[in-house]
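Student: Read off the chains here:
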Amino acid sequence: MAQQVLSITQLNEYIRGRLDADPLLNQVAVRGEISNYKCYPSGHHYFTLKDESSALKCVMFKGNAVRLRFRPENGMKVIAMGKVSVFPRDGAYQLYCAALAMDGVGDLYAAFEQLKKKLAAQGLFDPAHKMPLPKYPGTIGIITSSAGAAVHDMLRILRKRYPLTQVKLLPVRVQGEEAPGEIAAAIRYANHYHLADLLIVGRGGGSIEDLWAFNDEQVAYAIYQSDIPVISAVGHEPDVTISDYVADLRAATPSNGAELAVPDQDALLQSLDSMSAAMATALTRHLKSARQHLDILSKSPALLSPAGYIQQREKSLDLLKSKLISAQNNSITKKNQRYIAAVSKLDAMSPLKVLTRGYSMAQTGTGEILRSVSQVEPGEHICISLCDGKLSASVLEKKEEPVNESVQ
Amino acid sequence: MNQSNKTFEESMARLEQIVRAMERGDVPLEESLKLFQEGTDLVRSCQKLLDEAQLQVKKIMTAPDGSPVEVEFQDEA
Numbered sequence: 095m096a097q098q099v100l101s102i103t104q105l106n107e108y109i110r111g112r113l114d115a116d117p118l119l120n121q122v123a124v125r126g127e128i129s130n131y132k133c134y135p136s137g138h139h140y141f142t143l144k145d146e147s148s149a150l151k152c153v154m155f156k157g158n159a160v161r162l163r164f165r166p167e168n169g170m171k172v173i174a175m176g177k178v179s180v181f182p183r184d185g186a187y188q189l190y191c192a193a194l195a196m197d198g199v200g201d202l203y204a205a206f207e208q209l210k211k212k213l214a215a216q217g218l219f220d221p222a223h224k225m226p227l228p229k230y231p232g233t234i235g236i237i238t239s240s241a242g243a244a245v246h247d248m249l250r251i252l253r254k255r256y257p258l259t260q261v262k263l264l265p266v267r268v269q270g271e272e273a274p275g276e277i278a279a280a281i282r283y284a285n286h287y288h289l290a291d292l293l294i295v296g297r298g299g300g301s302i303e304d305l306w307a308f309n310d311e312q313v314a315y316a317i318y319q320s321d322i323p324v325i326s327a328v329g330h331e332p333d334v335t336i337s338d339y340v341a342d343l344r345a346a347t348p349s350n351g352a353e354l355a356v357p358d359q360d361a362l363l364q365s366l367d368s369m370s371a372a373m374a375t376a377l378t379r380h381l382k383s384a385r386q387h388l389d390i391l392s393k394s395p396a397l398l399s400p401a402g403y404i405q406q407r408e409k410s411l412d413l414l415k416s417k418l419i420s421a422q423n424n425s426i427t428k429k430n431q432r433y434i435a436a437v438s439k440l441d442a443m444s445p446l447k448v449l450t451r452g453y454s455m456a457q458t459g460t461g462e463i464l465r466s467v468s469q470v471e472p473g474e475h476i477c478i479s480l481c482d483g484k485l486s487a488s489v490l491e492k493k494e495e496p497v498n499e500s501v502q
Numbered sequence: 073m074n075q076s077n078k079t080f081e082e083s084m085a086r087l088e089q090i091v092r093a094m095e096r097g098d099v100p101l102e103e104s105l106k107l108f109q110e111g112t113d114l115v116r117s118c119q120k121l122l123d124e125a126q127l128q129v130k131k132i133m134t135a136p137d138g139s140p141v142e143v144e145f146q147d148e149a
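Chains as they are written, first to last, in the working numbering: chain A, 95 to 502; chain B, 73 to 149.
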């Protein structure tokens, strides 16, 4: 029996040839959990995929790894695509991984939509609940990882735009299981100790799993209950998280969050200049109008020629005086004339005057003036007054005559 | 609250008030002159505050009793 003896290399090459010829192994997709994950300086990634009872060695070369949309981590459930082949040096077969996808991402989206719906129904996204941001925040609380690029970007922008503010960094983990609890606790802590006038809560970009802490219910409630206004600044522009919906303001990125938090000192300096100019213009206008008013006053006759003004006034005073005097005189003359007329009227009406014209006045013995024959009876004494004396007489006879009405 | 920021915020508010009053022009000239002086001083002090401001960054740590403790934070720039 002529058994052919192979070298190790020959055998491994033979196995490799067999495996490479298999169409299924040439393009396979396999589900598993990452462990022993290592990324070498060469840029190649090595890890093991496993399920409950089995394991598979995997390698992902740099050329494929740069296309990864997330950072693989131990414990992550993934679907790996590639070909199974032999690594002849170790005599081991492995998966040459061309692409790696998160397993269960569909579930995450469903969970996101579910939570979004629930919180919306509870009013957590209500625009009426959103607080206005302070115009000049004195202290800004930043709740993020103290190690990431996000905090560095935010500080750089705050330093450039508005260095008058003070930053209080509340370091938290921004991904992993502990992250949501830490973020929510930091928001409550800042509120409890009134640490800031404004909070920025966020982190830099990453995979949907990386950002997941900001899709957490307890983070959402903590933001909603915060008495300090909150800016949510998570990930890159297209990433939208639950905390973006709840926050008083959503920023596209951490840098954008810092920009929205403070005024820009260049703009402030410009507005100081324009206020300066506005004050100068207003004052100039005021001075000008005061000068015009002064000019008008100084051209008034009273100030231009005081002596002439006084003379003129004296003249009109004299005129008024003479008018007054003549009016007075006039009125005295008129009154005199009316007096004389009244006196002569009175004189004409005097009973004495009547008596001189031949009339007489008869009185009863008791002094009553006789107007009717009924006042006396024959034999009674009467007294008759004439213009030059009195007669005592006695009534001889009484004869009544009808009174002529027309004469009365 | 940061003291210089408070001063800045108050100064800006007062400045806006002064500019409005001066633009309305319903204050006596003497008052207008006084406002201009006050406003000009405020502009100068605000510019100075901005020019001299240095962003202060503190990291908040927690004392054993839970109260916050501020420590300097060095931003590896």
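Treat the hints as calculated values from the structure; they're not laboratory data. Check each hint, because a few of them may be wrong.
As the list claims (entries may be wrong) - Pairs of lysine-lysine residues, derived as DSBU-like cross-links and limited to a Cα-Cα distance of at most 35 Å, are as follows: (1) 447/A <-> 131/B; (2) 131/B <-> 382/A; (3) 106/B <-> 393/A; (4) 144/A <-> 177/A; (5) 210/A <-> 106/B.
Unchecked claim - Residues from chain B that face chain A, not an exhaustive set, calculated with beta carbons under 7 Å: (6) 85; (7) 87; (8) 141.
What the hints assert, rightly or not - To be clear about the criterion: a stretch of chain B counts as covered by chain A if any three or more of its residues have a C-beta under 8 Å from a C-beta of chain A, and this derived list gives those stretches: (9) 90-98; (10) 105-115; (11) 118-131.
Quick reminder that beta carbons are idealized off the backbone N, C-alpha and C, glycines included.
Student: Each hint should be assessed against the structure and marked as holding or not.
Tutor: These are the hints, each one checked on the structure:
1. With a C-alpha separation of about 130 Å, the suggested pair residue 447/A and residue 131/B falls outside the 35 Å cut-off, and the hint is violated.
2. Between residue 131/B and residue 382/A, the direct Cα distance comes to roughly 56 Å. Violation of the 35 Å bound is thereby established for this hinted pair.
3. The suggested pairing of residue 106/B with residue 393/A holds, with an alpha-carbon distance near 29 Å, which does not exceed 35 Å.
4. At roughly 17 Å between alpha-carbon atoms, residue 144/A and residue 177/A fall within 35 Å of each other, so this suggested pair holds.
5. A distance of roughly 57 Å separates the Cα atoms of residue 210/A and residue 106/B; the hinted pair therefore is violated under the 35 Å criterion.
6. Hint status for residue 85/B: violated, given a least beta-carbon distance of 9 Å to chain A, over 7 Å.
7. A hinted interface residue such as residue 87/B counts as satisfied when its beta carbon comes closer than 7 Å to some beta carbon of chain A; here the least separation is about 5 Å, so the hint holds.
8. Against a cut-off of 7 Å between C-beta atoms, the interface hint on residue 141/B is violated, since the closest Cβ of chain A lies about 11 Å away.
9. Remark: the region 90-98 of chain B is confirmed as covered by chain A, as 5 of its residues place a Cβ nearer than 8 Å to a Cβ of that chain, reaching the required three.
10. Proximity of the region 105-115 of chain B to chain A, defined as three or more residues with a beta carbon under 8 Å from a beta carbon of that chain, is established by the 6 residues found.
11. A stretch counts as covered by a chain when three or more of its residues have a beta carbon under 8 Å from one of that chain; for the region 118-131 of chain B and chain A the count is 11, and the coverage holds.
The structure is inconsistent with the numbered hints 1, 2, 5, 6 and 8, although it conforms to all the rest.
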